[in-house]
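Chemist: Sequences and hints are given; from them, build the entire structure.
Number of protein chains: 2
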Amino acid sequence: MARYQLGQVNADGSPAATDRGKAVRPTLCLLMCEALGGDLEAALPAAAGLELLHNFTLVHDDVMDDDETRRHRPTVWVVWGRPQAIDAGDLLHVLATLSVLRSGGNGASAPLAKDATEVVTQGCRLVTEGQHLDIAFETAANVGVADYLDMIARKSAALLAVAFELGAIFAGNDPATRAACRAYGRELGVVFQIRDDVLGIWGDPAVTGKPVGADIQKRKKTLPIIHALETSDGPDRTRLRSMFSDNRVPPDVEAATAILERAGSRDFTEHRLRQHAHQAGEALSQLPVSDWGRRNLEAVATYIATRDR
Amino acid sequence: MARYQLGQVNADGSPAATDRGKAVRPTLCLLMCEALGGDLEAALPAAAGLELLHNFTLVHDDVMDDDETRRHRPTVWVVWGRPQAIDAGDLLHVLATLSVLRSGGNGASAPLAKDATEVVTQGCRLVTEGQHLDIAFETAANVGVADYLDMIARKSAALLAVAFELGAIFAGNDPATRAACRAYGRELGVVFQIRDDVLGIWGDPAVTGKPVGADIQKRKKTLPIIHALETSDGPDRTRLRSMFSDNRVPPDVEAATAILERAGSRDFTEHRLRQHAHQAGEALSQLPVSDWGRRNLEAVATYIATRDR
Chain W
1 MARYQLGQVN
11 ADGSPAATDR
21 GKAVRPTLCL
31 LMCEALGGDL
41 EAALPAAAGL
51 ELLHNFTLVH
61 DDVMDDDETR
71 RHRPTVWVVW
81 GRPQAIDAGD
91 LLHVLATLSV
101 LRSGGNGASA
111 PLAKDATEVV
121 TQGCRLVTEG
131 QHLDIAFETA
141 ANVGVADYLD
151 MIARKSAALL
161 AVAFELGAIF
171 AGNDPATRAA
181 CRAYGRELGV
191 VFQIRDDVLG
201 IWGDPAVTGK
211 PVGADIQKRK
221 KTLPIIHALE
231 TSDGPDRTRL
241 RSMFSDNRVP
251 PDVEAATAIL
261 ERAGSRDFTE
271 HRLRQHAHQA
281 GEALSQLPVS
291 DWGRRNLEAV
301 ATYIATRDR
Chain D
1 MARYQLGQVN
11 ADGSPAATDR
21 GKAVRPTLCL
31 LMCEALGGDL
41 EAALPAAAGL
51 ELLHNFTLVH
61 DDVMDDDETR
71 RHRPTVWVVW
81 GRPQAIDAGD
91 LLHVLATLSV
101 LRSGGNGASA
111 PLAKDATEVV
121 TQGCRLVTEG
131 QHLDIAFETA
141 ANVGVADYLD
151 MIARKSAALL
161 AVAFELGAIF
171 AGNDPATRAA
181 CRAYGRELGV
191 VFQIRDDVLG
201 IWGDPAVTGK
211 PVGADIQKRK
221 KTLPIIHALE
231 TSDGPDRTRL
241 RSMFSDNRVP
251 PDVEAATAIL
261 ERAGSRDFTE
271 HRLRQHAHQA
281 GEALSQLPVS
291 DWGRRNLEAV
301 ATYIATRDR
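Chains W and D supply the protein sequences, listed in that same order.
So the first sequence is residues 1 to 309, counted in our numbering.
So the second sequence is residues 1 to 309, counted in our numbering.
These aren't lab readings, by the way, just hints derived from the structure by calculation.
Yeah, the Cβ is synthetic: ideal placement off N, Cα and C, and Gly gets one too.
Treat each hint with caution, since some may be false.
[Said to hold, decoys possible] Which bits of chain D does chain W cover? Going by a derived footprint, with three or more residues having C-beta under 8 Å, they are: (1) 22-34; (2) 59-65; (3) 93-105; (4) 146-159.
Modeler: Pasting the structure below:
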């Protein structure tokens, strides 16, 4: 089941030719490590652990959210049932920790492996807290912009912060560099999620592969929606509230988008995105990375902030 | 939710006066550590981590098994729903690892903390494998005695083996002592589960607080049942098979017990229990424990093998 989730095999155990995901977190971990002149070999098991950890959260998220497909295949719980899927997620969590514990290169580097394991586990703690908030928000009466940003900083940004901090651990383990890496990853993670929220409403269906106003159709309370619910008034507020709480009528995407424009929610969201991108840039400027590394990390940040899908 | 599961608070967050469980694993970890002349303070965070890990498995098990009560209270998923319960279990898993990472005393002991984390995580891996087998056995056509013993060695015995091995880690970390502790815990864990199986069928209702033949009524395929299904023949085999597969008719406890007696399943089960208790004794005899420690560990073994509830 773990290998199925990782895209290595089909449900019957035969080798799979399928989407294995983009391995964003391990890739960025190793990029930061290399940019800081670190030891890639020592970082490799920790980077692999991040991908296992990410997949553990996906397996459990799919159970929690009743999601039936992932990367164009049935989710683990659809194939093997919820009990086995919960257990397979737990195993991936365990395998992630074991992989990170194996990092650090030779046997003399127990402190590095211990630090890496602590950072990954603390990041995972933030993810479970973010997931808790996300589930709670579904039924909460009032979720504000600050609540939402706090939630995505945990659920979406924590593992990106961990990825970059791991890179710093295996490149000298300097506390100030680690802190700057953490800040860079946290801000970029928030940018990533806010860009996702923008694309979920204003993305080009021909590029995203999703329908117009996809997140409105799914009643996802993303940043623009939360802003509009918080700041609009009169009939706009009443209309938007009922669209996002009344499950009997499908939401009117056109009307909702017009309300968002009137509330200035798109401008607000894009302004927030630029703020966090700026803070990511500030953190990056403090990092003692090579010129090659800086160019690549800047390209990553630009991509995350401006991607169209 | 984590604190509710640990029995510290009620569902509304107020302090609870409730059963917090027996803390068997941390107690035995610290007993072994002391018996070996180890550093109790250094072992304490790891011992606490074991209790957190055990509770993580309980929260997830209750979701997987649809169990609605635990220690006379509604289970976490009954109070907060399955998604939050899965997430709360994940958090307990994380907190367990963080606690174990904090073990070892002062900062110079990173290798001990790393070893402890590895042992606990490997133990947790065995538990998830045991849980996988347990779920799979529910729908498997043929489960033999060897399959069952393999399953309980993982699901029930692994964390007891970890408890004792942790004691040895913080008492000199000698590989041979660690291996003997592991063997002692594994054998005792199997004894514990087999005794559970005996009590589940032949326990005294006045002492166990459970009905006569409780496990037969619940169609639990425990060791005596699996032995009888494997070795009985003719009408006994047919009758027992139908009692454990046909959900329309409640199992006939008296008839099933008679079949078990004819198949020699009680003798077989108690013989197996004595074999594993003997192997536990062999492992204990190899341990360099104090006289005080040996007496206490022998008392633990005797209690586990002969307890009436």
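Chemist: For which of the previously enumerated hints does the structure constitute a violation, in increasing order of number?
Modeler: Of the numbered hints given earlier, those the structure breaks are 1, 4, listed in rising order.
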